[in-house]
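S.K.: Put together the whole structure using the sequences plus the hints.
2 protein chains.
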Amino acid sequence: MAKVLKTKDKILNAAERLFAEQGFEHTSLRQITGIADVNLASVNYHFGSKKALIQAVMERYHSAFMPELDIRLVELEAKGVTSTEQVLNCFIEPLLSLQRINPNGTSIYLSLLGHAYSEIQGHLRRFTMQNFGHVVQRFLACVQQANPHLTLSTLFWRLHFTLGATVFVQVSGQALSEIAEADFGEQASAQDMIAKLIPFLAAGIAAPV
Amino acid sequence: MAKVLKTKDKILNAAERLFAEQGFEHTSLRQITGIADVNLASVNYHFGSKKALIQAVMERYHSAFMPELDIRLVELEAKGVTSTEQVLNCFIEPLLSLQRINPNGTSIYLSLLGHAYSEIQGHLRRFTMQNFGHVVQRFLACVQQANPHLTLSTLFWRLHFTLGATVFVQVSGQALSEIAEADFGEQASAQDMIAKLIPFLAAGIAAPV
DNA sequence: GTCTATAGTATGATAGAC
DNA sequence: GTCTATCATACTATAGAC
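In order, the protein sequence lines correspond to chains A and B.
Under my numbering, the residue at position 24 of the first sequence is numbered 24, and the numbers go up by one with no gaps.
Under my numbering, the residue at position 17 of the second sequence is numbered 17, and the numbers go up by one with no gaps.
Derived from the structure by calculation, the hints contain no laboratory data.
Any given hint could turn out to be false.
Unchecked claim - Interface residues of chain A toward chain B, partial, derived using beta-carbon atoms under 7 Å:
| no. | residue |
| --- | --- |
| 1 | E25 |
| 2 | H26 |
| 3 | Y117 |
| 4 | G164 |
| 5 | F168 |
| 6 | L176 |
| 7 | K196 |
| 8 | P199 |
On a predicted model such as this, the values are computed, not experimentally measured, just so you know.
We put the beta carbon where it would ideally sit given N, CA and C, even for glycine.
M.R.: Rendered as structure tokens:
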């Protein structure tokens, strides 16, 4: 039975795809409603404004991802953290579970995160930190437990390098995947990408200063 | 003696700053000419179009950076590459020398690179590869010499993680620097940032698969 | 809830006087 | 080379009929 989507969901689906591909500012309501096949005015009817739509899109992913991640970090904390890779592995399942929202959910979410940081979307950073700041803190604590030789400042920067490497590859992902496919005959699924990333990131985070 | 800048240079200086801070699409000609204190029409008179202005801004940095990097890579190739860190060190001086163009030259250039990748600026990627593809190739060859245990495909991805970590931190740099300063009382100059990056990146690139 | 029509604003680009 | 004035186009948002 083919599910008939409500207007609100059609808008969300179209918006998350376009936001991930093009960024927030660079995606117009006309594009979104065009692809969603709904009327232009319906975005404002259902969400109030473009800014509110952006937050609704992020919210749907955040609220699926963050609690899942938190559960795994709490478990890990309880049994004791011994390696950086252990911490990063906590991300795998929560990230892959986003494919239940959308077949490209994983890479959409990471792209959205990238755009949220690099565009002038201060409100998004604040929004994230207010709602899920405690998960970020727990993550930081775990990494520090795995790397007692590193100062908090060094960790802070390395975790942002980590975020950067991850989201950049997603944001510029289409172009990169095309090159990779042409040069190495490789398909790069979200799962493959994560598998490639983790050894790189774990080694980088734990590197001697 | 205070140098009086020509209109063309005033435009370039204002444009590179705004492009680095906000991205290309998100910066208007009115902003640029407002800050440069020149007439709106002068951009089109001197450069022809906004697209041509973008390329002129990139060109000024590319042509200062790429040949410098190439010289160092050629030297290194000649005496034989033994470590990843050696290769990355080749970037330091060329990057820092960009501060002769502009006191913030290093971080402006890296930000521009980030925006060039993540915005839909296909023409910029092509432009770069056409003019400086051989430098990129030489860099890849050096890294491979330092890491004979890695396949070309693995290297390809890790070098993009590297680029991502680097440009992301620059693009979202202002926000991060503010947080870092608040939390650790640290100033993060371009030179400091590079010093923090290199151990992270070298360990990540050379990590076991 | 959904539509049309349009207000109000910002953009890149250009014609033409000086 | 530099200016004013303006065109054509795109955008978000909203009022009001159905």
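S.K.: Checking hints one by one. Is Y117/A an interface residue toward chain B, by the C-beta closer than 7 Å rule?
M.R.: Since chain B brings a Cβ to about 5 Å from Y117/A, closer than 7 Å, the hint holds.
S.K.: Restraint: K196/A near chain B, CB-CB cut 7 Å. Satisfied or not?
M.R.: Check passed: Cβ of K196/A comes within 5 Å of chain B, closer than 7 Å.
S.K.: Should the hint that F168/A touches chain B count as held when the rule is a Cβ pair under 7 Å?
M.R.: 3 Å, holds
S.K.: Would you check whether H26/A satisfies its interface hint, that is, whether its CB is within less than 7 Å of any CB in chain B?
M.R.: OK, holds: H26/A within 7 Å of chain B, min 6 Å.
S.K.: Taking the least C-beta to C-beta distance, is L176/A closer than 7 Å to chain B?
M.R.: Because about 6 Å separates L176/A from the closest Cβ in chain B, which is inside the 7 Å limit, the hint holds.
S.K.: Is the shortest C-beta separation between E25/A and chain B less than 7 Å?
M.R.: 6 Å, holds
S.K.: Would you settle whether the hint for G164/A is holds or violated, based on the nearest Cβ-Cβ distance to chain B being less than 7 Å?
M.R.: Nearest chain B Cβ about 3 Å off; hint holds.
S.K.: Identify whether the interface hint at P199/A stands, where standing means a beta carbon of chain B within less than 7 Å of its own.
M.R.: This interface hint holds because 5 Å falls under the 7 Å limit.
The structure shown violates none of the earlier numbered hints.
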